[in-house]
Structures are given as structure tokens and as C-alpha cells.
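Keeping the supplied structure of chain A fixed, place chains B, C and D upon it in accordance with the hints.
Protein chains in written order, with the working numbering: chain A, 2 to 85; chain B, 2 to 85; chain C, 3 to 143; chain D, 3 to 143.
No lab work stands behind these hints, which were simulated from the structure alone. A portion of the hints provided could be inaccurate.
Claimed, not checked - Computed list of lysine-lysine pairs in DSSO-like fashion (alpha-carbon distance at most 27 angstroms, straight line): (1) Lys57/D - Lys68/D; (2) Lys57/D - Lys141/D; (3) Lys116/C - Lys141/C; (4) Lys68/C - Lys116/D; (5) Lys42/C - Lys68/D; (6) Lys68/D - Lys116/C; (7) Lys42/D - Lys68/C.
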Amino acid sequence: MQAANLRIHCLGILQSQTGQAICEIDWPQDNSIETALAALVEVHPSVANELPRCACAIGDEIVPRSYQLQAGDELVLLPPVGGG
Amino acid sequence: MQAANLRIHCLGILQSQTGQAICEIDWPQDNSIETALAALVEVHPSVANELPRCACAIGDEIVPRSYQLQAGDELVLLPPVGGG
Amino acid sequence: MTTLSNQPLDLDSLLAETEDDSAGALVVFSGTIRNHHDNKSVERLSYTAYEPIAKKAIAEIEQEVKDIFGVTQCRIIHRIGDLEIGDIAIHCVVRSAHRGEAFEAAKYAIDTTKSRVPIWKEEHYSDGTSVFREGTPLKAD
Amino acid sequence: MTTLSNQPLDLDSLLAETEDDSAGALVVFSGTIRNHHDNKSVERLSYTAYEPIAKKAIAEIEQEVKDIFGVTQCRIIHRIGDLEIGDIAIHCVVRSAHRGEAFEAAKYAIDTTKSRVPIWKEEHYSDGTSVFREGTPLKAD
Numbered sequence: 002m003q004a005a006n007l008r009i010h011c012l013g014i015l016q017s018q019t020g021q022a023i024c025e026i027d028w029p030q031d032n033s034i035e036t037a038l039a040a041l042v043e044v045h046p047s048v049a050n051e052l053p054r055c056a057c058a059i060g061d062e063i064v065p066r067s068y069q070l071q072a073g074d075e076l077v078l079l080p081p082v083g084g085g
Numbered sequence: 002m003q004a005a006n007l008r009i010h011c012l013g014i015l016q017s018q019t020g021q022a023i024c025e026i027d028w029p030q031d032n033s034i035e036t037a038l039a040a041l042v043e044v045h046p047s048v049a050n051e052l053p054r055c056a057c058a059i060g061d062e063i064v065p066r067s068y069q070l071q072a073g074d075e076l077v078l079l080p081p082v083g084g085g
Numbered sequence: 003m004t005t006l007s008n009q010p011l012d013l014d015s016l017l018a019e020t021e022d023d024s025a026g027a028l029v030v031f032s033g034t035i036r037n038h039h040d041n042k043s044v045e046r047l048s049y050t051a052y053e054p055i056a057k058k059a060i061a062e063i064e065q066e067v068k069d070i071f072g073v074t075q076c077r078i079i080h081r082i083g084d085l086e087i088g089d090i091a092i093h094c095v096v097r098s099a100h101r102g103e104a105f106e107a108a109k110y111a112i113d114t115t116k117s118r119v120p121i122w123k124e125e126h127y128s129d130g131t132s133v134f135r136e137g138t139p140l141k142a143d
Numbered sequence: 003m004t005t006l007s008n009q010p011l012d013l014d015s016l017l018a019e020t021e022d023d024s025a026g027a028l029v030v031f032s033g034t035i036r037n038h039h040d041n042k043s044v045e046r047l048s049y050t051a052y053e054p055i056a057k058k059a060i061a062e063i064e065q066e067v068k069d070i071f072g073v074t075q076c077r078i079i080h081r082i083g084d085l086e087i088g089d090i091a092i093h094c095v096v097r098s099a100h101r102g103e104a105f106e107a108a109k110y111a112i113d114t115t116k117s118r119v120p121i122w123k124e125e126h127y128s129d130g131t132s133v134f135r136e137g138t139p140l141k142a143d
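Excised from the complex, chain A in its bound form (with noise of 0.2 angstroms):
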């Protein structure tokens, strides 16, 4: 597991802030969300501020922050939304 990495997708603001749709970072050893969040802001200084209104989903569901990544799970982040 730790060989892989993470791929984690900034969407909305946070891919304008990143520069990037997908994001790749060391998979976290503890396979926690939140190692995984203090690692990309350590990468991308710029989205700490929106990172604690973002959701996480994997796949078509939202998770908690508690969530422990699987192998082979991608990380979503969804900034608060806004369509209509």
C-alpha cells in the first residue's frame, strides 16, 4: 500500500487554487483522510483555507473524514456547491 500514491481530485475552486484536476501525493501510512489533507496542503499552501468546507467523496459517496482509504480508492474533494 504505502508504495502507491494518493490521487486526490480538486475540483471547482480547488483546482483553480492547485492548478491541477488531479492532485498526486504519498499514500498516507495511517490510510486516514486527514494525513492525507495536511499532506496536499503542505504541496498546495493556497487551499488550506477552503480544505475545512470541503466534502469528501469516493465514487458516488460522500464520506466522513473518519473514512479509511482502501487501495485503489480515489480521494474527491468537493468545495461547497452552488449551481442553479
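Chains B, C and D only, in chain A's frame:
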């Protein structure tokens, strides 16, 4: 004046109750709408229940029952409305 | 601008008439002929109007809706004549900057049209009977 | 049934999809791109979505609207991609027997779509700047 007839336009349910779109009655001697309506009930008793809830109009104006009929006026009776 | 029509109503032309780049919200209410009323099976409806006052009243309501709710556009058109199930009897179109007042305004437009415009509907049932629907008495001004 | 589209939205097809002889009331809400926001002149908008959840969320809202308000039909479609002034970003269509619940339901449909569907809008202004509009945080279930 008294020689003329008063034309009364019966709309909606009044037309179906009187069987006529326009009823003619003798011009009311006192030029009053109330007198005209009483005369209409004598010819068409079926409208008696509906008349108290009808509005009266002359041309494109709704007029109170106290309105004094003028030469050339045709009285329009508007039962309770409900389009849509 | 047409407020009464004896032809099928066309929503697209009303939308085109009210186009407005400052308005982000559009609310449309349409009344269609439904196949039942009070558990009776409805076959068709006949709408009649006293046109001189009906046209004036609808124009007044359109203006009133704009004045009261501050919406930029309000158009109302009512069909008269014989209508079948599914036919459209009325369109109310409201446009405004924001959606809150657009909903309020459209609701006011249809409520007020039903209670202040001299239009009557006679419902024809499948059993051959027909009834004029109970209405709201008009008030002298 | 289409809930997200990168093509111009077509109200007629949504009206046809929801045809219902038992429904006398139709309420449509449409959101269009307006030419200003907070006194800034808007040139165009880009809408993006996270499609796997956006499609699911819209379908859930449609069902929820029918369950809560007892309306017979609810359809929502949202456009994504680059939109110009006057373009339609969303249609919400509700049909029901009576108009009261149709208005309530349509308002709920648009309010809920704005706050629960992962769609974002970036406003591009005439001065060359652009801003992601402030939104509502999604909650974990």
C-alpha cells in the same frame, strides 16, 4: 327613455340559467339597476339565487348597484369568476 | 400584447416577449385541464370571458405584480373556448433578478387572475352533465 | 433520464416527459445567466460538476420532492460547461393536481439543488477577472 328596452348581458352560469346571452326588459322607470334586476328575476326566476353574488358592469367598468342607468347603457351581469 | 386567446397557447412566444438579460430567475405557472374534479371524470371544459373587462383586468394585474414584487417581467395569457384534457388554459410568466420574488409574484399572478378576471369555466363530465365551477364574486371598485 | 447536460437545455422535452392528465398545475423554474452580479458586469459563466454524485443527488431530490409535497411529477436538469448571458443553466419542472404544492415543490427543488448537488459556477467578468461563487458546504450523510 321609458319607451326603450334595457339589454342585460347574462354571462357564465346566468346564460345557462336564462338560456339567453342577452335578455331584454322594459327600461326601469327609476333608471336603477336594482329595479332592472328585480324585473329580470320576474322573467327568469332561476337567476334569483345567483344575482346577489353578481357584479354589474357597463362597458369596461364595474359599477355599483347604486349606478343610475343612462340612455344607451347595456347592463352586464358578471357572476363569481374563476378562470385558470 | 395578447392576454386572451381562443387559440392554443404558445409558451415560447411568451418567453421570447419577456426576454431580459438582467433577470436570472424565470418562473412559469401553467394551468392545464385535468381529467378529474371532485372524483368526477372530466371530459372537457368551456371557458368564457367578458372580454372588455377581462383584458383590462389582466393588464392591470401584470402591472401590479411588477409594482408589488419588483420583478422585471410579468405576462399572463388565458385561453377561452372549448378545451380538452391536457390543454393549457393559462400561462403566467415572471422574470426577476432573484428567484424568491419570482415565485411569490407568479403565485400572486395566478391567484389574482383567478379571483379578479371575469372568466368562467364550465366543466363537462363523462356522464353528460356539466357544471359551472364555483367562483369568487367580483367587487365594485 | 437526463439530469446533467453540456448542451443547451430544451424545456419542451422536459414538458413532454412529465405530461400527466391528472395534473392541473405546472410550475417551471428556470435559472438563466444574468448580465450582472454584485454590480459587476458578467460576461459568461462556467459550470462544472462532479458527475457521479451530481446525477445521483438530482435523482434523489426529484424523488424527495414527490414524496414530501405529493406532486405527481418532478424533473430537474442542469447544464454544465460554458454559458453565455441569457443561456439557461437549470430547469425544474413540477406538475401536481393543485397549484399550492406545485409552487412549494418547485421552490424546494431549486433551493435543494443549489445546496446539495456538487456543481460549481465560475463567473467571468468584463474586466477579465473571474470568481468562483460562494457556495454551501456539502454534508457527509
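Worksheet item: Are the Cα atoms of Lys42/D and Lys68/C separated by 27 angstroms or less?
Response: 24 angstroms, holds
Item to complete: With a cut-off of 27 angstroms on the C-alpha distance, tell me whether Lys57/D and Lys141/D pass.
Response: Answer holds: Lys57/D to Lys141/D is near 17 angstroms, not above 27 angstroms.
Item to complete: For the pair supplied as a hint, Lys68/D and Lys116/C, confirm whether the alpha-carbon distance does not exceed 27 angstroms.
Response: Holds. Lys68/D to Lys116/C sits at ~26 angstroms (cutoff 27 angstroms).
Item to complete: Mind checking the alpha carbons of Lys42/C and Lys68/D for me, to see if they're no more than 27 angstroms apart?
Response: 24 angstroms, holds
Discussion item. Next pair to validate is Lys68/C with Lys116/D; report whether the Cα-Cα distance is within 27 angstroms.
Written reply: Roughly 26 angstroms between the alpha carbons, so the hint for Lys68/C and Lys116/D holds.
Worksheet item: Holds or violated: Lys116/C with Lys141/C, Cα cutoff 27 angstroms?
Response: This hinted pair holds, its Cα atoms lying about 14 angstroms apart.
Worksheet item: Going straight from one Cα to the other, do Lys57/D and Lys68/D come out at no more than 27 angstroms?
Response: This hinted pair holds, its Cα atoms lying about 17 angstroms apart.
When the structure is compared with the earlier hints, no violation turns up for any of them.
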